Amino acid sequence: QKEVEQDPGPLSVPEGAIVSLNCTYSNSAFQYFMWYRQYSRKGPELLMYTYSSGNKEDGRFTAQVDKSSKYISLFIRDSQPSDSATYLCAMTVSGGSYIPTFGRGTSLIVHP
Amino acid sequence: EAEVAQSPRYKITEKSQAVAFWCDPISGHATLYWYRQILGQGPELLVQFQDESVVDDSQLPKDRFSAERLKGVDSTLKIQPAELGDSAMYLCASSLDRVTDTQYFGPGTRLTVL
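Each protein sequence line maps, in turn, to chains Y and G. For the first sequence, my numbering puts the final residue at 112, and the numbers step up evenly by one. For the second sequence, my numbering puts the final residue at 114, and the numbers step up evenly by one.
Among the hints, a few may not be true.
Restraint ranges, calculated between C-beta atoms of paired labels, are given here [unchecked claim]:
| id | chain 1 | residue 1 | chain 2 | residue 2 | range |
| --- | --- | --- | --- | --- | --- |
| 1 | G | Glu-14 | Y | Pro-8 | 42 to 50 Å |
| 2 | Y | Pro-14 | G | Ser-58 | 43 to 51 Å |
| 3 | G | Asp-51 | Y | Tyr-49 | 21 to 29 Å |
Hints listed in this document are in silico derivations from the structure and should not be mistaken for laboratory results. These numbers were taken from a predicted model, which means no experiment stands behind them. For glycine and all other residues, C-beta sits at the position ideal for the given N, C-alpha and C.
Let's have the full structure, built from the sequences with the hints guiding it.
This is the structure in structure tokens:
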């Protein structure tokens, strides 16, 4: 079993839909949780960054962390065709090397 | 906006040949990372530099891979000889420091080994 599990999709939604992307993890030492967006043939770019449990909102994006369930989510409101990309969750332990452990990514397709 | 530069963007080679990838991090970023991303998977760290020193190369297949960052700025990753299983995206990232700062990724080099 991998440390970080993420459904590869693809997830196909109509424009304007609310998108929910999720990851589960097994290492209870993970404290920092990140979401990256990766467009085709590009490198990942950091979208959201949260520490420990709770919610964080940035525009149309909301990140949630539930450490008791070892489950993190990224919500995208009013999804746009430009949101079509692969979304990678990543997490690191506190006090360690801070090298993120990535999920395999979920491919999101938002169709007009 | 400053970006991490990588070249070449695409490389096709035959197995047993040597290949080299180059990365120029964002100016002032002391920490540089090389990742390998197999299609459909997340990036996995190969090597991490702090300035010119290797901090972590535990996942680097040292029998065929080498990496250097001689002057603490740009970096080269080499594979010799290349094997079919090396086909992947090779990503370079940089950050101001290795503790808490955000990693910024370059566009990657897509390697295909025939």
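Tested hints:
no.	hint	result
1	G:Glu-14 - Y:Pro-8: 42 to 50 Å	30 Å, violated
2	Y:Pro-14 - G:Ser-58: 43 to 51 Å	45 Å, holds
3	G:Asp-51 - Y:Tyr-49: 21 to 29 Å	25 Å, holds
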